[in-house]
Amino acid sequence: MTEAQASPSRTHAIFSPTRIWALARVTFTQLVRMKVFYFMLIFCAVVIGATFIFLEYSFEEELKLIKDVSLGAMQLFATIFAIVGTALLLPRDLEDRTLYTILCKPVPRLEYLLGKLLGVLLLIAISLVLMDVLFTAVLFAKQSAIAARTEEALALKGASELEIARTLEIIAKQGVTWNLLNGVAAIFMKSCVAAAVALMVSTFASSTLFTIIVSFVVYFVGHIQALARDFWLGGMITDTVERLIAVVVSLLFPDFQLFNIVDGVVAGEPVPLLTMAKLAGLTLVYLAVYNFAAFFVFADKEL
Amino acid sequence: MKRVALAILTLALFGAARLKVEQALSEELVAERLQLNTGLDLSVRDQVGQNAFVAAFGGFRSLMASLISLEAYGEWRFQNWGKVDSLDAIATKLMPHSPHYWDLHASHVGYDAASFYLYEASNLSKTMREDLFAEYVDKGQAIYDEGLRNNPLSWKMIYRTMEYVRKRRPDRDRYISLARLLLDNWGEIRDDDPVFRPTPDWIERFLAYELARRNGNDGADHAEAYALLKKRYAEGDRQGTLITMLNAFEILNQVPEDQRIPERAEAKFLTQALKDLRGAEPK
Numbered sequence: 001m002t003e004a005q006a007s008p009s010r011t012h013a014i015f016s017p018t019r020i021w022a023l024a025r026v027t028f029t030q031l032v033r034m035k036v037f038y039f040m041l042i043f044c045a046v047v048i049g050a051t052f053i054f055l056e057y058s059f060e061e062e063l064k065l066i067k068d069v070s071l072g073a074m075q076l077f078a079t080i081f082a083i084v085g086t087a088l089l090l091p092r093d094l095e096d097r098t099l100y101t102i103l104c105k106p107v108p109r110l111e112y113l114l115g116k117l118l119g120v121l122l123l124i125a126i127s128l129v130l131m132d133v134l135f136t137a138v139l140f141a142k143q144s145a146i147a148a149r150t151e152e153a154l155a156l157k158g159a160s161e162l163e164i165a166r167t168l169e170i171i172a173k174q175g176v177t178w179n180l181l182n183g184v185a186a187i188f189m190k191s192c193v194a195a196a197v198a199l200m201v202s203t204f205a206s207s208t209l210f211t212i213i214v215s216f217v218v219y220f221v222g223h224i225q226a227l228a229r230d231f232w233l234g235g236m237i238t239d240t241v242e243r244l245i246a247v248v249v250s251l252l253f254p255d256f257q258l259f260n261i262v263d264g265v266v267a268g269e270p271v272p273l274l275t276m277a278k279l280a281g282l283t284l285v286y287l288a289v290y291n292f293a294a295f296f297v298f299a300d301k302e303l
Numbered sequence: 001m002k003r004v005a006l007a008i009l010t011l012a013l014f015g016a017a018r019l020k021v022e023q024a025l026s027e028e029l030v031a032e033r034l035q036l037n038t039g040l041d042l043s044v045r046d047q048v049g050q051n052a053f054v055a056a057f058g059g060f061r062s063l064m065a066s067l068i069s070l071e072a073y074g075e076w077r078f079q080n081w082g083k084v085d086s087l088d089a090i091a092t093k094l095m096p097h098s099p100h101y102w103d104l105h106a107s108h109v110g111y112d113a114a115s116f117y118l119y120e121a122s123n124l125s126k127t128m129r130e131d132l133f134a135e136y137v138d139k140g141q142a143i144y145d146e147g148l149r150n151n152p153l154s155w156k157m158i159y160r161t162m163e164y165v166r167k168r169r170p171d172r173d174r175y176i177s178l179a180r181l182l183l184d185n186w187g188e189i190r191d192d193d194p195v196f197r198p199t200p201d202w203i204e205r206f207l208a209y210e211l212a213r214r215n216g217n218d219g220a221d222h223a224e225a226y227a228l229l230k231k232r233y234a235e236g237d238r239q240g241t242l243i244t245m246l247n248a249f250e251i252l253n254q255v256p257e258d259q260r261i262p263e264r265a266e267a268k269f270l271t272q273a274l275k276d277l278r279g280a281e282p283k
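Same order as they appear, the protein sequences are chains A and B. In terms of the working numbering, the first sequence opens at residue 1 and continues consecutively. In terms of the working numbering, the second sequence opens at residue 1 and continues consecutively.
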C-alpha cells in the first residue's frame, strides 16, 4: 500500500457539486442508453410534415402552423421525458442494485436525488436544443421559400422595391425570431417542475406506474390550479366541499398554467426579459422545495 | 407515512407562500397578452370535446386553434357554412387575442357565406336569399366588433373592420370613428397585419374623403375634410382623388382663383366630386 493510498489527502465534503455532477452524467448516460433520442425521428416527421400543410393558404397561417406543431411537439416530448424519465430512475436503480452501490459510499441521499434530477434535466435540455435547431432550420427554410415566392410574384405585378422590401420584412417577422426562444425556455422550465414533481412522487411510490400516473394527474390538475385559486381567493364558492377542493388544489398543486406562454409567443407577443426572469426564479424555487420534500421522504426510507 | 405527511405539509406551506406571488405573475402575463384572463371559456368544452379541451388547457391552445382552423378550411371548400361558422367561432374562443382568427371568421361569414346565399343558393327564393345575405353580413359585423373588443389596438382588426364598414356594410360614421381611433392612438397601434401597413397620411386622406361625403356637425365635417386635404397636399400628396376633392372644395367654398392649387382634375371626376359634396348626407 502506498503512502498516498494510506492517508488520503482530500477530506470528505458534506455537500459536493462534483459528486452531484458525476451522478447527473451517469443518469444522463443511463437515459440515453434507453434509446430515448429515437424520438427525434418522430419529431422530424411531425415538423417536416407540417410544412406540407396549408399550401393554398396565407403565409401567415403556413408559418404559424409550423410553429404551433413544432412547439406543441416539443412540449409533449419534454413533458414525457420529465415524467416518465424521472419515474424510471429510482426503481431502475433499485432493481439494478446500483442504488446500494452508490449509497454505501459516503454520498448523501440529497446529493443522490439532486444528481438524478440534474441528469433528467440535462436530457430534457439537450433534447430541446436539438428539437429547436431542427425547428428553426425548417421554419427558416419555409420562410425563405415563401419570401422567394412572394418576391417573384410582386416583381411580376410591378410592385416597387420599397413595397417588396416591406412585404419581405413582414414575412421575416412571422418566421424565425429570438422571441421563439422564450417559448422554448418556458417549455424547459415547465418540464423542470414536472420532473421535480415526479421525483418527489417516486420517493414514496410503490411502483413506476404509480409514479407516472400520479405525476400526470398532478400535471393536468396543475393546469387548472389557477382557476381553483381564482375561485377560492375570489370567494366564488360557497359550498364547503367545493371550497375545500379549491383550497387543496391551490395549495398543493404547482401552477403549470403560468409556464404556458407558448400560445402568446406563437401569436407574436413579445416576452419581457423580466417576465422570463420571474418564471426562471419561480422554477428554481419549485425545484428547491420539491427536492426538499423528496429528500424529506427519501432520507429515512428503508431500501 | 409520518414523513410523507410532513412533506405534504411542507408543500401546503409553500403553496400558501407562493399564492400571492403566482396570482400577481398570472395577472402580469394576462396584461402582457401572453395568457387569457379567465383561462378558457368553459363553453368551448362542449364544442370541441373533452380531449381537445384538455389539450387546449395543457398549453396546446394555439395548436388546437390551428387544427380547428384547418378543419374549417376543409368545410369552407365544400361551402358548408354552418360548420365553417361554428369551427371558426371555436378558433376565436381559443385564441381571442389573435386578430387573424377574427378576421378569418368574419370574412368567411360576412363575405363568403353572405355572397354564396345571395348569388349561388339557387334553390332558395329571392326574399330568402336576401334575408340570409343580410343576416350573414350582420353576423360578419358582429364578429368584427367582438374581435375589436378583444384586440382594441390591433391595426389588422381596425383596418379590416374599416374595410367592412366601407365596402360590405356601409356605415360612414363608424368608418370615421375608427379612422379617428387609429390617428389618436397611432403610437400604440400594434402593427400586426402581414398584408397591408398604411401610414397615418393614408388614414388622414381616407378620413378626409369620408368626412367630405358626410358633412355633418353644421359644416364642421367639410371644414375638417378641406383642412386635412390641404395638409396632405402641402406635404406633397398628389393623389388623383385628393386633387379632385380639393378642386371641388375650392369651387364650393368660392376660393379665389389665385389661391387655388394649380393642378386640375378631369371634368367628369370633378362633376362627380361636386355632386358628392353638395349631396353629402348630414350626420
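A couple of the hints might just be wrong.
[Stated by the list, open to error] Capping the alpha-carbon separation at 25 Å, the derived lysine-lysine pairs in DSS-like fashion look like this:
id	chain 1	residue 1	chain 2	residue 2
1	B	167	B	139
2	A	278	B	20
3	B	20	B	167
4	B	231	A	301
5	B	83	B	20
6	B	167	B	126
Hints listed in this document are in silico derivations from the structure and should not be mistaken for laboratory results. Here the structure is a predicted model, which means the values were calculated and not measured.
| query | Under the criterion that the straight-line Cα-Cα distance not exceed 25 Å, is the pair residue 20(B), residue 167(B) satisfied? | reply | It is violated: about 50 Å lies between the C-alpha atoms, which goes past 25 Å.
| field | Hinted pair residue 83(B) and residue 20(B), Cα distance within 25 Å | value | violated (43 Å)
| Straight-line alpha-carbon gap residue 167(B) to residue 139(B), limit 25 Å | Between residue 167(B) and residue 139(B) the Cα gap is close to 15 Å, so the pair holds against 25 Å.
| said: Given the hinted pair residue 231(B) and residue 301(A), is their Cα-Cα distance within 25 Å? | reply: It is violated: about 82 Å lies between the C-alpha atoms, which goes past 25 Å.
| 25 Å Cα cutoff - pair residue 278(A), residue 20(B) | holds (14 Å)
| message | Checking one constraint from the list: CA of residue 167(B) to CA of residue 126(B), max 25 Å. Satisfied? | response | holds (22 Å)
Consistency with the previously given hints fails for numbers 3, 4 and 5, ordered from lowest to highest.
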